[in-house]
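Student: Spelled out, the chains give:
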Amino acid sequence: MAVRSLDAFARMSIGRAFSSGVGLVAGGFLVLLVLVALLAPWIAPFDYAAQNLMNANAAPAWPHLLGTDEFGRDVLSRVIHGARTSLSVSATAIAISMTAGMALGAAAGYFGGFFERAVMTVVDLTWSFPDILIALIFVAIIGPGLTSTTFAIAIAYLAQFTRLTRAQIVRLKRETFIEATINLGAKPTHILLRHLMPNAIAPVIVVGMLAIGDGIVLEATLGFFGLGAQPPTPSWGAMMSSGTAQLFLSPWVIIFPGVAVAVTVIAVNLFGDELIRALDIRDRLRGA
Amino acid sequence: MLSVRDLGVAFGSVQPLSGVSFTVSPGETLGIVGESGSGKSLTAMSVMGLLPLIGGRITGGTVEFDGADVTKLPERAYRKLRGGKIGLITQNPMTSLDPLQKIGPQVDDVAKLHMGMTGAEARARTVEILGTLRIPEPALICDRYPHQMSGGMKQRIVIAMALAADPDVLIADEPTTALDVTVQAQIIRLLDDLVKERNLALVLITHDMSVVAQTCDKIVVMYAGRAVEHGPVEAIFDRPRHPYTQALIACIPRGLDDATRLTGIEGTVPTVLNYPKGCPFHPRCPRAEAICAVEPPEFSVEGDSAAACHFAEVAHVQPA
Chain A
1 MAVRSLDAFA RMSIGRAFSS GVGLVAGGFL VLLVLVALLA PWIAPFDYAA QNLMNANAAP
61 AWPHLLGTDE FGRDVLSRVI HGARTSLSVS ATAIAISMTA GMALGAAAGY FGGFFERAVM
121 TVVDLTWSFP DILIALIFVA IIGPGLTSTT FAIAIAYLAQ FTRLTRAQIV RLKRETFIEA
181 TINLGAKPTH ILLRHLMPNA IAPVIVVGML AIGDGIVLEA TLGFFGLGAQ PPTPSWGAMM
241 SSGTAQLFLS PWVIIFPGVA VAVTVIAVNL FGDELIRALD IRDRLRGA
Chain B
1001 MLSVRDLGVA FGSVQPLSGV SFTVSPGETL GIVGESGSGK SLTAMSVMGL LPLIGGRITG
1061 GTVEFDGADV TKLPERAYRK LRGGKIGLIT QNPMTSLDPL QKIGPQVDDV AKLHMGMTGA
1121 EARARTVEIL GTLRIPEPAL ICDRYPHQMS GGMKQRIVIA MALAADPDVL IADEPTTALD
1181 VTVQAQIIRL LDDLVKERNL ALVLITHDMS VVAQTCDKIV VMYAGRAVEH GPVEAIFDRP
1241 RHPYTQALIA CIPRGLDDAT RLTGIEGTVP TVLNYPKGCP FHPRCPRAEA ICAVEPPEFS
1301 VEGDSAAACH FAEVAHVQPA
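In the order they appear, the protein sequences are chains A and B.
For the first sequence, counting from 1, position 203 maps to 203 in this note's numbering; every step adds exactly one.
For the second sequence, counting from 1, position 277 maps to 1277 in this note's numbering; every step adds exactly one.
Misleading hints may appear alongside valid ones.
Taking CB as the label site, the calculated pair distances span [to be verified]:
hint: 1; chain 1: B; residue 1: R1057; chain 2: A; residue 2: T121; range: 53 to 63 angstroms
hint: 2; chain 1: A; residue 1: R117; chain 2: B; residue 2: L1053; range: 11 to 21 angstroms
hint: 3; chain 1: B; residue 1: V1301; chain 2: A; residue 2: R117; range: 50 to 60 angstroms
hint: 4; chain 1: B; residue 1: T1118; chain 2: A; residue 2: I132; range: 53 to 63 angstroms
hint: 5; chain 1: B; residue 1: S1021; chain 2: A; residue 2: R117; range: 38 to 48 angstroms
hint: 6; chain 1: B; residue 1: A1068; chain 2: A; residue 2: H190; range: 51 to 61 angstroms
Since the hints were made in silico from the structure, they are not lab data.
Glycine included, C-beta positions come from ideal geometry on N, C-alpha and C.
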């Protein structure tokens, strides 16, 4: 029941986020991007790994609309497949981070006391490390690649979700309807899952949405430094990195993946802002 | 049956409640009256076993439910009493319902929790209870969200939730304070009918003496965390012996002519940290004498009622 009403609530709000001009453009772009990522193998004009050294560093022209890189690989196909890598890594990482953060934050906020202090101290500690450093630790442990990147992003955002959820739960715990539920003899699990979480989740979803944008940037950064996706897996960050070598000779190799990152992140942020407006939760995002 | 004897409550070294006693039997309504800050709500919370949640503890006395002391019950066992045997209605119906859930599921939960009912059984029961609370079209109401309803309607839903598991005792903590006057009367009448129909024991906490006069069988007057006078409602209203009770009764507005001005009681209830020595009411009492500031008064019993005042024997001669 709780899930059903929450679902209706979410559908209504997301619909409202699409209703403004900015929301429609940004949201429409994101929907398109997700479709492109899902359908990459079918819509990419060329194999992203197919090399053609005879046609390396070719300027944008038919049939290579965005040109080719130093191995003669089609840049458009690589940007399309790169969307897949960027979105899936960022979304997976944020999903892990959000789930863990909500569980930790809710438990900390609800039970309080020593448990709360212990959890928050550890979580705040992770926040004090730069993202890159956390990524380096994972690379050192399990080697470079998308798994390290995913965990690095997940840990980088854990504190944000934990703190936000905890703040919501602490605030809601004092509400009259929670007191009323206790008066009716409800168990803590019932109160937490049925009443507190559904009321706390809206701002967490929005922060999650915005964090996907940040996650894409972080994934690109790690890829740029060679800590993320390994060749020949296409990743926007790694493509830009290889493009630096021919910055003046063939700028399209670095420009197009860069544009992809920038436009995607801007779209995510604009749509996130529209969601905040639609859910009417600007106040609740403060103090977390 | 609920029986509270000599209840004392402390938060750390502060003692906001002491020596509170009362008994309610099925079919009976007990009124607990007093100004804000006199300890009425705290008494209700103690009975519900909610003190640990707000950092308080019971320092003395007993709370007996069906002959067994429940003050020592562990939290898990207490949960069965809360909502199951003792229902509590709090003062603010506007915020007592989960804003994200429809009415039906919220009420269903109580029967599921305490009576082990399945979804369909609980819903049938919800519809039935909403019907007995004179809520029109109960089946439709189940599909509404709280924000779609009026305050009076929400208070009925809250009462329905408190009654859903068929408790023996109902504690109503200022159930009408947040409502319109016309709706107040409806809710009070509804509670009164429930007591008769379901043979409930009702504890009605209020600061409204006229409500007490209309509905209660017995009354406990509280001041600064103590019971100052208790007895059958007729006796108290006919012959109030504690000056505080007299003052409360004098505050009931009567008549419309200009000569009867609204009266009040000078001063305010002392805060927990500076309860006065001796009789707690003496700084505001029109009859206070030297002894009142030194010696806490004993209860002076007369028939079924008792008043904690040094001058209880003579006090019922009301000053003109």
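Student: Would you mind marking each hint as holding or not holding in the structure?
Tutor: Results of checking the hints against the structure:
1. At roughly 29 angstroms, the beta carbons of R1057 (chain B) and T121 (chain A) sit outside the given window of 53 to 63 angstroms.
2. Separated by about 19 angstroms at the C-beta atoms, R117 (chain A) and L1053 (chain B) satisfy the suggested range of 11 to 21 angstroms.
3. Distance hint for V1301 (chain B) and R117 (chain A): a CB-CB separation of about 53 angstroms, consistent with the stated range 50 to 60 angstroms.
4. At roughly 54 angstroms, the beta-carbon separation of T1118 (chain B) and I132 (chain A) lies within the given 53 to 63 angstroms, and the hint holds.
5. Distance hint check: the CB atoms of S1021 (chain B) and R117 (chain A) are about 41 angstroms apart, consistent with the given range 38 to 48 angstroms.
6. With their beta carbons about 26 angstroms apart, A1068 (chain B) and H190 (chain A) fall outside the hinted range of 51 to 61 angstroms.
Going down the numbered hints, you'll see the structure goes against 1, 6, while the others check out.
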